[in-house]
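Keeping their order, the protein sequence lines are chains A and B. Take the working numbering: the last position of the first sequence gets the number 112, and nothing is skipped along the way. Take the working numbering: the last position of the second sequence gets the number 264, and nothing is skipped along the way.
Hints listed in this document are in silico derivations from the structure and should not be mistaken for laboratory results. Some hints could be false.
Quick partial rundown of chain B residues pointing at chain A, CB under 7 Å, derived from the structure [unchecked claim]:
{"#": "1", "residue": "Leu170"}
{"#": "2", "residue": "Ile173"}
{"#": "3", "residue": "Ile176"}
{"#": "4", "residue": "Leu182"}
{"#": "5", "residue": "Ser183"}
{"#": "6", "residue": "Ile186"}
In this text, a Cβ means the ideal position worked out from N, Cα and C, and glycines have one as well.
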Amino acid sequence: MVMADKDQTSYEDPNDEDRLDRLGQKIAKARGEKHETGPETHSTLGKGWRLATELVAAPMVAGAMGLGLDRWLGTLPLFLLIGIGIGFAAGMLNVTRAMKEMEPDKGDDDDE
Amino acid sequence: MTLLNAIMLAGPMEQFEIMQIIPFHVGNLDLSFTNSSLWMVIGVAAISLFMFMATRRLSLVPGRTQSAGESFYIFIADMLRGVAGSEGMKFFPYIFTLFMFIFASNLLGLWPSIPGTPAKWHTFTPTSHLIVTFALGMVTFTLVVVYGFYKNGLGFLKLFVPSGVPILMLPLITIIEIVSFLSRPISLGIRLFANMLAGHLILKIFATFVASLLVAGPWAVLSILPFMGNVAVLLLELLIAFLQAYVFAILSCIYINDAIHPSH
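Bound conformation, chain A alone:
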C-alpha cells in the first residue's frame, strides 16, 4: 500500500519523518513568503486605548495609596497629592515604555 504511491507523493507515508518539513517548504514557496506571522499588528484604536489607560491607571493607584496613608496618619491632603504627583510620573513612564514597545523596528530591544 505505502510502497505503491511512494513514487507519486511521499507525503502520505507516516514513517517518513521529513514529509511535513518538505510540505511546509513547498507551501512557503508557493505563498512567496508574503505572509509573515508577527504579533506587531496593533491597530491605531488599540494603541490609543493602551496609552490612555496606561496614563490613567498609575495616578489612580498612587492616589489611592496616598489616600490610604492619609486616612491612617490623619494628614489628609498631603500624601494624596504626593501620590497623584508620583502617579503621573509613573503614568508618563508607562506611556513612554508602551510607545517604545509599539515601535516597529525594536529588534528585541536593548535591555538585558
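Keeping the supplied structure of chain A fixed, place chain B upon it in accordance with the hints.
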C-alpha cells in the same frame, strides 16, 4: 410595537445589571449564580465545544474546524514565543485560556437577546464589569509576582531599580517604578472593561434612536441612518472584541517576560 416600547423604556445601563438566577447566600456572602456567571459558563462551554470539535478527528490535512482551532493555537503560541521567548512557553496554557475566555465573553455578549424573554435571560457581557476584568488582571499580576520571586529570588526586585541612575534619584525612581508596576492590573482591567462598556452603550443608544424615530410619523424614514450607524458600530465591536482579548493576552505575555528576565 411592544418590542419598540421595550427598547425605548430600557435605559442604556440596564444591559449591565447583575441579576440573580439561582440565589445562594452563605452568611453575608452573596454567592448567587447570576446572569454574569451564566454567560461565563456559556463562554467556557462554547470554547470547550469548539476545541473539542477541533481536536476530535485529528488529521494531517486539517478540516475546517481543526484548522480554525490550530490557527488559534498558532496565533497565541507565536505571540507568546515572540514576546517571552521559548522559556515563556510554559505559560502557554494560561495565556491561551485567558485569550479564549476574554474573546468568547466579548463575542458572545454581542449576540442579540431573544425578544420578550425576562431580563435575566438577556445576553450579557461578563467583561463589561470592572471587577471581572480586574480579577483577570490580578491573576496575571499574581502569576508574575509569584513566578518572578520563585524564579529569580530577590533578584526580581531588580525590576524596580533601573541601572545607571544617580544615587540621589534612586529612591524616587524606585517608588515611581513600583507604582508603575502596581498600576498594571488596574490598566489591564480598565482597558477591557471600558472598551466593552463603551461599545455596548453606543449600540444601545443608537438602537434607541432607531426606535424613537420609527414612531415619529413621517420622520420614520430617517431611522435608517442610526440603523446603518449601528451596523457599522457592531462591525467595529466585532473587531474590538478580538482586539481587546489580544491586547490583554499580549500585555500578559509582556509582563510574564518581566518575571522571566527581570532587568530594565
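Hint check results:
1. Contact between Leu170 (chain B) and chain A, as hinted, is not supported at the beta carbon level, the nearest pair being about 14 Å apart and thus beyond 7 Å.
2. Of the supplied interface hints, the one on Ile173 (chain B) is violated, with its beta-carbon coming no nearer than about 9 Å to a beta-carbon of chain A, more than 7 Å.
3. Nearest Cβ of chain A to the Cβ of Ile176 (chain B): about 5 Å, under the 7 Å cut. The hint holds.
4. Look at Leu182 (chain B): its Cβ gets to within about 5 Å of chain A, closer than 7 Å, so that hint holds up.
5. The criterion of a C-beta within 7 Å of any C-beta in chain A is met by Ser183 (chain B), whose closest approach is roughly 4 Å, and the hint holds.
6. Against a cut-off of 7 Å between C-beta atoms, the interface hint on Ile186 (chain B) holds, since the closest Cβ of chain A lies about 4 Å away.
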